Amino acid sequence: MLIGLFNNWIVILLMMIGLYIVIAHGNLIKKIIGLTIFQTSVFIFYISIAKVDGGTAPILTDQITTYSNPLPHVLILTAIVVGISTTALGLALLIRIKESYGSIEEEDIQKQDLLAQNKQDQDTQKSNHEGKKA
Amino acid sequence: MIAHLPILQVIVPLMAAPICLLLKRTQLAWLFSIIVSCIAFIISLFLLQQVMVSGVITYELGGWEAPWGIEYRIDKLNALLLVIISSISTLVLFAAHTSISKEINEDKQVFFYVLYLLSLTGMLGIVATGDAFNVFVFLEISSLSAYALIALGNDRRAIWAAFQYLIMGTIGATFILIGIGLMYQMTGTLNMEDLSQRLPQVAQTHTVFTAYVFVIVGVCLKLALFPLHLWLPNAYAYAPSVVTAFFAATATKVAIYLLIRFTFSVFGVSFSFTTLPLQTLFLILGLAGIFAGSIAAIYQSNIKHLFAYSSIAQVGYIIVAFSTSTVTGLTASLLHLFNHALMKGAIFLALAAVVYRLGNAQLNSFYGLGRQMPFTMAALVIGGLSLIGVPLTVGFISKWYLLLALIENGWWFATVLVLLGSLLAVVYVWRIVEVAYFREPLNKDSSVKEAPLSFLLPIWVLIFANIYFGIDTRFSLQVAQEAAVSLFGVTP
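As they're listed, the protein sequences go chains A and B.
Take 1 as the starting number for the first sequence in my numbering and just add one per residue.
Take 1 as the starting number for the second sequence in my numbering and just add one per residue.
The reader is advised that the hints may include incorrect statements.
[Stated by the list, open to error] Now the in silico label distances, taken between C-beta atoms and shown as ranges: (1) S100(A) / V53(B): 52 to 58 Å; (2) Y20(A) / P200(B): 34 to 40 Å; (3) W9(A) / V213(B): 17 to 23 Å; (4) T78(A) / I2(B): 28 to 34 Å; (5) Q63(A) / E65(B): 29 to 35 Å; (6) S100(A) / L453(B): 32 to 38 Å; (7) A116(A) / V416(B): 38 to 44 Å.
The hints are simulated quantities; they were obtained by calculation from the structure and are not laboratory data.
Note that the structure is a prediction, hence the values are computed from the model and not measured.
Glycine included, C-beta positions come from ideal geometry on N, C-alpha and C.
Could you build all of it, start to finish, from the sequences and the hints given here?
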């Protein structure tokens, strides 16, 4: 029973590894890697549920009678394309993050944002003060 | 032609997006986008009228019959959503050209329209389709373009917000994908109508239960239900102003539509509300969202942030209405869906006008703005009153039905909390009113003028709609009520 569902175990293992990396790592490249592993686990899930025991590729010849279900395979082609686009967009954003923050560590970026926020608040307070005096 | 309306609704903006790229000149791309969005709006009106008269419209893509091919299925719920999305999109586009001229670099402005139309396509597609996997594809089309649109903001925090949204949004979408896969594994079909007939036979399995949980969590991430809302405030605050106006009015609504569609049409009320403690769960999370959102809104110094948090609170109201799982409750949900789009569209467009004149949306810049930009600020105040739920605005209508639904269920405690939550809205709207109307302008030189007509026109159309649908509720109420009844009627 447990061995028979080994494809599901692999899917779950990969899924958890991926999610863990996304949550636990501060490095944004690692986050993207985690996200990709997470998505890949779902691809494997779709592909493995379509497998029919002893089935081959769905080719129309007389010798072959059992086919694997091709539909999930086609579906997952779409999902793979989506996954690639997401990764590409994520990496593109990363380049711009690196350009404007000079870092790809989550902590660094949040610290810089906090500093900028505090400075802005002080500035506006100061200008308000001057405005009231005038 | 009429028979092909459901597909034209989606395909027109999809085809228009790459054409925009060929136009090269911003002005042309802008005009073209407005025309396309107008066409989409007209199609959605036709569809709504047709659905109201003759019931559900189905459309088979490429002539493949339903369970095999992809089917587009328009009922009252979809038709209402299509009208909301395409109308808001058209109105926002009117202001877009002026607004982005100051907020986005000249060489990127054409791309803005391309992404905008793609995002519109995605949202219309999610709503129009009757195929579960197709939902995922359109969800990703709208999300990917949304990440890029948010990253167009000229603050560097916009990119960071877009990245965070990308991570969260992808996890959400992948959860939905897992749910759809599990459903397919159990039933061998992806058509929603077909799923709803086959799922009850296998309803008692763990797999279906897991599928439902995955779908619900994924959708809740997308609709920013507390505590899955973390991506929303920064994404809304740092995106270009018109993008915020468009998303605040439509993006979360589309996710709520998915929640309703999967809960009521695909899994069925009896399954959804019995296998999961959905009522308690959504009631608590919704109320927590109302308070967390409203209280956070009170302490914001950036007005775009403020209204982004208020959006989380408003999603809370919709979810509370949803959790009653009665016809009245669902009607209230749908009414608030429609009404909230009108309010937030108007408010964020008004903020876009403020940003256009002032360059930022900090509360400190609003000093005396009531005199310098009277029409814009008046619109902001009416929108705010609508958020609070003052009579004669749409906000009152949806709050009224929400309270009716809660009382009908005998949830007195929740009723009191919802009323208290509305009082919090008074606080954060008042902060703006006080600064804008009862303080002297900071710089006396009148460099700050009233916003140009391209802003005022769409803003006041939306404000007029806010008041009109607050007085004459026949249209919105009829559609919402009939949609709610049919959602309960279809399911056993």
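Worksheet item: So the hint says 29 to 35 Å: do the beta-carbon atoms of Q63(A) and E65(B) match that?
Response: Distance hint for Q63(A), E65(B) holds at roughly 30 Å.
Practice prompt. Using the Cβ atoms, figure out if W9(A) sits within 17 to 23 Å of V213(B).
Written response: holds (19 Å)
Practice prompt. Could you see if the CB distance from T78(A) to I2(B) stays within 28 to 34 Å?
Written response: For I2(B) against T78(A), whose Cβ atoms are near 30 Å apart, the range 28 to 34 Å holds.
Practice prompt. For the range 32 to 38 Å, tell me whether the beta carbons of S100(A) and L453(B) fit it or not.
Written response: holds (35 Å)
Fill in: Cβ distance range 38 to 44 Å for A116(A) and V416(B), holds or violated
Holds - the Cβ-Cβ distance for A116(A) and V416(B), about 41 Å, lies within 38 to 44 Å.
Worksheet item: Has the hinted range 52 to 58 Å been met by the Cβ atoms of S100(A) and V53(B)?
Response: Given a distance of about 54 Å, which is inside 52 to 58 Å, the answer is holds.
Worksheet item: Is the hinted range of 34 to 40 Å satisfied by the C-beta distance from Y20(A) to P200(B)?
Response: holds (36 Å)
The structure is consistent with each of the numbered hints, conforming to all of them.
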